[in-house]
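There are 2 protein chains.
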Amino acid sequence: MKEKISIGIIGYGTVGSNTAVILQEKNKIFASHTGIEFQLKKVCDNDWSRKREWMPPAAMRTSNYNDILNDPEIDIVVELIGKFQPAYNIIKKSLMQKKAVVTANKFLLSKKLTELLTLANTSSSYLGFEASVAGAIPVIKVLRESFVGNRINSIIGILNGTTNYILSSMSEKHQTFGDALKSAQKLGYAESNPSLDISGRDSAQKLAIISTYAFQRAISEDNFLIEGIEKIEIRDIEFARELGYRVKLLAIAKRTDDMVSLRVHPALIPVNHMLSDVEGVYNAVYLEGDLFGKTLMYGEGAGGKAASSAVIADIIEIGRKLFLKSHLSERFIINPRVNLQPADRIETRYYLRFTAIDRPRVLASIADILGKNRISIASVMQKEENPERAVPIVMLTHTAIEKNVRDAISAIDKLSYIRQPTQIIRVEG
Amino acid sequence: MKEKISIGIIGYGTVGSNTAVILQEKNKIFASHTGIEFQLKKVCDNDWSRKREWMPPAAMRTSNYNDILNDPEIDIVVELIGKFQPAYNIIKKSLMQKKAVVTANKFLLSKKLTELLTLANTSSSYLGFEASVAGAIPVIKVLRESFVGNRINSIIGILNGTTNYILSSMSEKHQTFGDALKSAQKLGYAESNPSLDISGRDSAQKLAIISTYAFQRAISEDNFLIEGIEKIEIRDIEFARELGYRVKLLAIAKRTDDMVSLRVHPALIPVNHMLSDVEGVYNAVYLEGDLFGKTLMYGEGAGGKAASSAVIADIIEIGRKLFLKSHLSERFIINPRVNLQPADRIETRYYLRFTAIDRPRVLASIADILGKNRISIASVMQKEENPERAVPIVMLTHTAIEKNVRDAISAIDKLSYIRQPTQIIRVEG
Numbered sequence: 001m002k003e004k005i006s007i008g009i010i011g012y013g014t015v016g017s018n019t020a021v022i023l024q025e026k027n028k029i030f031a032s033h034t035g036i037e038f039q040l041k042k043v044c045d046n047d048w049s050r051k052r053e054w055m056p057p058a059a060m061r062t063s064n065y066n067d068i069l070n071d072p073e074i075d076i077v078v079e080l081i082g083k084f085q086p087a088y089n090i091i092k093k094s095l096m097q098k099k100a101v102v103t104a105n106k107f108l109l110s111k112k113l114t115e116l117l118t119l120a121n122t123s124s125s126y127l128g129f130e131a132s133v134a135g136a137i138p139v140i141k142v143l144r145e146s147f148v149g150n151r152i153n154s155i156i157g158i159l160n161g162t163t164n165y166i167l168s169s170m171s172e173k174h175q176t177f178g179d180a181l182k183s184a185q186k187l188g189y190a191e192s193n194p195s196l197d198i199s200g201r202d203s204a205q206k207l208a209i210i211s212t213y214a215f216q217r218a219i220s221e222d223n224f225l226i227e228g229i230e231k232i233e234i235r236d237i238e239f240a241r242e243l244g245y246r247v248k249l250l251a252i253a254k255r256t257d258d259m260v261s262l263r264v265h266p267a268l269i270p271v272n273h274m275l276s277d278v279e280g281v282y283n284a285v286y287l288e289g290d291l292f293g294k295t296l297m298y299g300e301g302a303g304g305k306a307a308s309s310a311v312i313a314d315i316i317e318i319g320r321k322l323f324l325k326s327h328l329s330e331r332f333i334i335n336p337r338v339n340l341q342p343a344d345r346i347e348t349r350y351y352l353r354f355t356a357i358d359r360p361r362v363l364a365s366i367a368d369i370l371g372k373n374r375i376s377i378a379s380v381m382q383k384e385e386n387p388e389r390a391v392p393i394v395m396l397t398h399t400a401i402e403k404n405v406r407d408a409i410s411a412i413d414k415l416s417y418i419r420q421p422t423q424i425i426r427v428e429g
Numbered sequence: 001m002k003e004k005i006s007i008g009i010i011g012y013g014t015v016g017s018n019t020a021v022i023l024q025e026k027n028k029i030f031a032s033h034t035g036i037e038f039q040l041k042k043v044c045d046n047d048w049s050r051k052r053e054w055m056p057p058a059a060m061r062t063s064n065y066n067d068i069l070n071d072p073e074i075d076i077v078v079e080l081i082g083k084f085q086p087a088y089n090i091i092k093k094s095l096m097q098k099k100a101v102v103t104a105n106k107f108l109l110s111k112k113l114t115e116l117l118t119l120a121n122t123s124s125s126y127l128g129f130e131a132s133v134a135g136a137i138p139v140i141k142v143l144r145e146s147f148v149g150n151r152i153n154s155i156i157g158i159l160n161g162t163t164n165y166i167l168s169s170m171s172e173k174h175q176t177f178g179d180a181l182k183s184a185q186k187l188g189y190a191e192s193n194p195s196l197d198i199s200g201r202d203s204a205q206k207l208a209i210i211s212t213y214a215f216q217r218a219i220s221e222d223n224f225l226i227e228g229i230e231k232i233e234i235r236d237i238e239f240a241r242e243l244g245y246r247v248k249l250l251a252i253a254k255r256t257d258d259m260v261s262l263r264v265h266p267a268l269i270p271v272n273h274m275l276s277d278v279e280g281v282y283n284a285v286y287l288e289g290d291l292f293g294k295t296l297m298y299g300e301g302a303g304g305k306a307a308s309s310a311v312i313a314d315i316i317e318i319g320r321k322l323f324l325k326s327h328l329s330e331r332f333i334i335n336p337r338v339n340l341q342p343a344d345r346i347e348t349r350y351y352l353r354f355t356a357i358d359r360p361r362v363l364a365s366i367a368d369i370l371g372k373n374r375i376s377i378a379s380v381m382q383k384e385e386n387p388e389r390a391v392p393i394v395m396l397t398h399t400a401i402e403k404n405v406r407d408a409i410s411a412i413d414k415l416s417y418i419r420q421p422t423q424i425i426r427v428e429g
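Line by line, the protein sequences are chains X and U. The first sequence lines up with residues 1 to 429 when you count with the working numbering. The second sequence lines up with residues 1 to 429 when you count with the working numbering.
Everything labelled a hint here was simulated from the structure, so no lab data went into it. We put the beta carbon where it would ideally sit given N, CA and C, even for glycine. Don't take every hint at face value.
To be verified - Here are some, though not all, of the chain X residues that point toward chain U, as calculated from beta-carbon distances under 7 angstroms: (1) Gly35; (2) Ala136; (3) Met297; (4) Gly304; (5) Ala306; (6) Ile334; (7) Arg337; (8) Asn339; (9) Gln341.
Stated by the list, open to error - Result set (BS3-like, lysine-lysine): computed pairs, CA atoms no more than 30 angstroms apart in a straight line: (10) U:Lys98 with X:Lys4; (11) U:Lys112 with U:Lys41; (12) U:Lys4 with U:Lys92; (13) X:Lys83 with X:Lys186; (14) U:Lys414 with U:Lys231; (15) X:Lys83 with X:Lys98; (16) U:Lys321 with X:Lys98; (17) U:Lys98 with X:Lys254; (18) X:Lys321 with U:Lys28; (19) X:Lys182 with X:Lys231; (20) U:Lys231 with U:Lys186; (21) U:Lys231 with X:Lys98; (22) U:Lys92 with X:Lys294; (23) U:Lys83 with X:Lys294.
Stated by the list, open to error - Using C-beta positions, here's what the derived DEER-type ranges look like: (24) U:Asp290 with X:Gln39: 17 to 23 angstroms; (25) X:Gly244 with U:Ala31: 55 to 61 angstroms; (26) U:Asp344 with X:Lys186: 21 to 27 angstroms; (27) U:Pro72 with X:Gln85: 31 to 37 angstroms; (28) X:Glu172 with U:Asn153: 24 to 30 angstroms; (29) X:Asp368 with U:Lys51: 41 to 47 angstroms; (30) X:Gly178 with U:Gly188: 49 to 55 angstroms; (31) U:Tyr417 with X:Glu233: 54 to 60 angstroms; (32) U:Asn153 with X:Trp48: 55 to 61 angstroms; (33) U:Ile29 with X:Glu53: 22 to 28 angstroms.
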């Protein structure tokens with residue numbers, strides 16, 4: 001029975017220093033809940049000149065992570081440096097030495113989660129990664145334990161606060177994408193180089209981690225159809241509103257039999273869907289399972305405190321397991337039957353905005369090409385503007401196959417009276 | 001290392017038979033996740049004539065629960081009979097014999113949770129009770145593990161599907177309370193005697209369980225201010241809508257310093273609050289903590305499958321612990337500092353609907369009495385109808401103290417030009 005757990009933190013930024021502060025401020029509360037004293041023993045960072053919420057005493061500080069990996073007293077390594085290397089080696093080496101690892105490294109895990117879970121398994125250690133996705137929302141815990149009896153059929157996430165903030169601003173304040181991005185940067189909600197967020201790749205990395213876990217199969221962002229939000233215009237948001245939808249960047253994984261389709265793209269979602277109400281920098285994960293039905297979890301997706309809450313939960317879980325003399329490892333079994341669906345076989349509904357000169361035959365020609373590609377139209381909205389100039393024609397389709405839609409739009413965009421590439425946004429829910 | 005876990009179910013209704021079916025259909029999946037064979041060994045019910053989804057073979061059936069309690073091979077007792085006795089004795093006896101218990105019995109737990117958790121503790125056994133509140137929503141798991149580092153400051157739940165369905169119907173279909181109740185009964189969403197749901201007591205029992213856990217203190221429904229939804233009229237829902245609110249039956253627990261206030265009542269909640277979008281028979285739990293910030297979990301609150309999902313999660317958790325040679329018990333520590341706030345000290349905002357003869361001095365008199373009771377008015381809405389007849393005057397107050405509001409309304413209702421008792425609905429969020 002282990003009554004004192006020693007912790008080393010590698011990477012001492014906002015989440016790291018928040019975690020250190022909480023471990024100290026709440027030390028007695030944690031001890032009363034668990035019977036364990038959680039002791040922060042060493043902190044590693046390569047730059048000790050920056051200001052932090054709490055500065056560890058000199059004896060606790062190091063700039064060499066091997067001081068933590070080689071310390072036999074340290075039970076838990078908290079990896080918060082991010083990126084691929086040296087994080088990958090740190091985690092592997094820790095697990096092989098039977099140190100438990102807690103990490104928030106979404107980039108690394110979106111590539112190596114199955115390998116690291118398998119390593120944790122074989123070395124009887126433990127990998128905690130709740131903080132790597134959706135901040136304080138306990139999606140990994142809930143999939144692993146609360147919904148373990150379920151077959152997961154659908155995961156739809158709003159997993160990136162930056163893009164959700166931008167789309168919310170465009171919708172509420174009628175800002176252009178560019179203006180909304182600038183104000184997000186000013187408020188610290190977007191980085192100076194926002195491409196990882198804007199492009200949808202950040203969301204894809206997070207959903208890769210959740211999906212790997214939910215579907216028991218190695219999944220990386222390379223398996224996703226990924227579209228960013230750069231092309232969304234205010235008028236798309238406004239047309240969507242008229243049709244009863246909001247526009248959100250969604251990360252979607254759907255399972256049909258043993259086929260999983262994965263995609264991240266902006267989507268129209270009906271205003272009566274709970275996900276449509278997730279505004280600003282908040283995150284949400286919507287799940288469907290064969291037993292629990294439909295569920296949604298909503299919360300803060302980023303920020304030092306929310307991420308620290310998830311790091312602390314993993315630390316305490318590991319502590320409890322050590323205290324209870326459990327073997328740490330859990331079984332992570334790869335399901336060989338699960339296959340990934342090619343992106344061009346996706347089936348969904350589509351919002352199409354054509355920009356055409358307002359001639360009598362336009363609608364008929366578009367409908368004809370759509371029909372030949374087996375795409376049927378659910379509704380049409382045409383704003384009568386200036387008949388001399390190009391006008392928007394907005395259509396919602398019934399369920400169609402991605403490849404057919406791409407083929408049809410490619411043909412339509414070659415018509416002489418189409419004046420701009422057609423806007424394609426998928427519809428969800 | 002225990003590789004086979006034997007289970008006995010006592011009380012074989014919808015949840016019980018769903019659980020039995022899942023344990024058999026998913027047996028191999030659970031074994032691959034956990035390395036454990038979960039075997040249903042005995043099922044007890046006192047009426048075997050009713051039809052079930054799956055009927056156990058004769059050798060598995062019994063009508064004497066002692067056949068399960070006295071079977072040394074049975075590791076987990078699943079208690080699904082409900083009510084107080086014999087459930088209370090069954091659970092106590094099981095825990096004392098170091099059998100783990102899984103229960104969905106909200107009535108019993110709302111009275112005896114601290115006692116039973118303490119007994120599980122001292123007897124090194126385990127009590128799983130996720131299914132007792134909010135169906136498949138994993139609120140107990142998340143409080144116990146994911147948010148363990150947090151101080152919980154606020155819990156607001158929509159915990160009763162029947163009343164939420166009735167209020168949704170009143171709002172969407174403009175039905176009276178009576179008509180909405182009848183249609184809920186026809187659809188099987190309300191029982192023929194709906195008083196437990198309608199009165200708010202069911203919600204109070206569920207929040208008592210969640211709060212006991214969140215605040216580490218024995219809390220029963222007797223500690224709640226409880227008001228039901230019987231008095232809500234369509235016009236209150238419509239006035240609320242005009243003011244930007246929806247009306248929901250909320251179960252609220254708030255902690256300020258070491259004082260916890262507990263109440264269940266209909267409340268106005270702003271349309272932009274996530275809880276306002278929870279419609280029909282769905283449940284939701286909104287939490288605030290010092291680290292994770294704000295979070296909401298939404299899902300199916302009732303139904304055999306959703307409840308079974310929670311029962312199965314507890315069974316598998318117990319199985320994993322047994323498999324990993326863990327001691328089963330967890331520490332449940334009572335926090336002696338937490339006190340309960342008397343109901344008349346609650347502070348919140350209020351919706352007040354006066355029914356008054358439309359005389360020039362009415363508003364001034366009402367405002368005068370409110371002011372003397374230190375209640376300040378945030379907004380007033382008066383519909384000019386027939387000056388000869390009683391008209392509704394709707395007010396929203398700023399934050400006021402419950403006792404002051406009761407005193408003021410009691411004085412106002414004695415005024416000669418007030419023609420009906422004033423409608424009081426609290427405002428949340």
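Verification of the supplied hints:
Restraint check, X:Gly35 versus chain U: the minimum CB separation of about 6 angstroms is within 7 angstroms; hint holds. Checking X:Ala136 against chain U by beta carbon gives a least distance of about 3 angstroms; that is within 7 angstroms, so the hint holds. Annotation: X:Met297 was flagged as interfacial toward chain U, and the flag holds, the nearest CB pair being 5 angstroms apart, inside 7 angstroms. The beta carbon of X:Gly304 comes no nearer than 9 angstroms to any beta carbon in chain U, farther than 7 angstroms, and the hint placing it at the interface is violated.
Because the smallest distance between the Cβ of X:Ala306 and any Cβ of chain U comes to about 6 angstroms, under 7 angstroms, the interface hint for this residue holds. Here the hint on X:Ile334 is broken, as its CB sits about 10 angstroms from the closest CB of chain U, past 7 angstroms. Interface restraint check for X:Arg337: the shortest CB-CB distance to chain U comes to about 12 angstroms, outside 7 angstroms, so the restraint is violated. Among the interface hints, the one on X:Asn339 is violated; its C-beta lies about 18 angstroms from the nearest C-beta in chain U, farther than the 7 angstroms criterion.
Violation of the interface hint for X:Gln341 is found here, the shortest Cβ-Cβ separation to chain U being roughly 22 angstroms, above the 7 angstroms cut-off. Proximity of U:Lys98 to X:Lys4 is assessed by CA-CA distance (about 27 angstroms); at most 30 angstroms being required, the pair is judged to hold. Distance check on the hinted pair: U:Lys112 and U:Lys41 sit about 28 angstroms apart at the alpha-carbon level, within 30 angstroms; holds. In summary, the hint linking U:Lys4 to U:Lys92 is supported, as the alpha carbons are separated by about 24 angstroms, within the 30 angstroms threshold.
Restraint check: the Cα-Cα separation between X:Lys83 and X:Lys186 comes to about 25 angstroms, which is no more than 30 angstroms; the hinted pair holds. For the hint linking U:Lys414 to U:Lys231, the alpha-carbon distance of about 20 angstroms falls within 30 angstroms, and the restraint holds. Proposed proximity of X:Lys83 and X:Lys98 is supported: the alpha carbons are some 23 angstroms apart, at most 30 angstroms. Distance hint between U:Lys321 and X:Lys98 is fulfilled; the C-alpha atoms sit about 20 angstroms from each other, no more than 30 angstroms.
Of the pairs offered as hints, the one joining U:Lys98 and X:Lys254 is violated, with about 42 angstroms between alpha carbons and a cut-off of 30 angstroms exceeded. Distance restraint check for X:Lys321 and U:Lys28: the Cα-Cα separation of roughly 26 angstroms lies within the 30 angstroms cut-off, and the hinted pair is therefore satisfied. Restraint check for X:Lys182 and X:Lys231: satisfied, since their Cα atoms lie roughly 16 angstroms apart, inside the 30 angstroms limit. Note on U:Lys231 and U:Lys186: the hinted pairing holds, with a Cα-Cα distance of about 21 angstroms set against a maximum of 30 angstroms.
Simply put, U:Lys231 and X:Lys98 have alpha-carbon atoms about 61 angstroms apart, too far for the 30 angstroms limit, and the pair is violated. For the hint pairing U:Lys92 with X:Lys294, the CA-to-CA distance comes to about 34 angstroms; that exceeds 30 angstroms, so the pair is violated. Using a Cα cut-off of 30 angstroms, the hinted pair U:Lys83 and X:Lys294 holds, with the two alpha carbons roughly 28 angstroms apart. At roughly 22 angstroms, the beta carbons of U:Asp290 and X:Gln39 sit within the given window of 17 to 23 angstroms.
Restraint check, X:Gly244 to U:Ala31: a C-beta distance of roughly 46 angstroms breaks the suggested window 55 to 61 angstroms. At about 47 angstroms, the CB distance of U:Asp344 to X:Lys186 disagrees with the hint of 21 to 27 angstroms. As the Cβ distance of U:Pro72 to X:Gln85 is approximately 54 angstroms, the hint placing it in 31 to 37 angstroms is violated. X:Glu172 and U:Asn153 have their C-beta atoms about 28 angstroms apart, which keeps the hinted 24 to 30 angstroms range intact.
At about 56 angstroms, the beta-carbon gap between X:Asp368 and U:Lys51 misses the expected band of 41 to 47 angstroms. Between X:Gly178 and U:Gly188 the Cβ separation comes to about 53 angstroms, which falls inside the hinted range of 49 to 55 angstroms. Between U:Tyr417 and X:Glu233, the C-beta spacing of about 57 angstroms keeps the proposed range 54 to 60 angstroms intact. Judged by the Cβ atoms, the range 55 to 61 angstroms given for U:Asn153 and X:Trp48 is violated: they are separated by roughly 35 angstroms.
The hinted range of 22 to 28 angstroms is not satisfied by U:Ile29 and X:Glu53, whose Cβ atoms lie roughly 45 angstroms apart.
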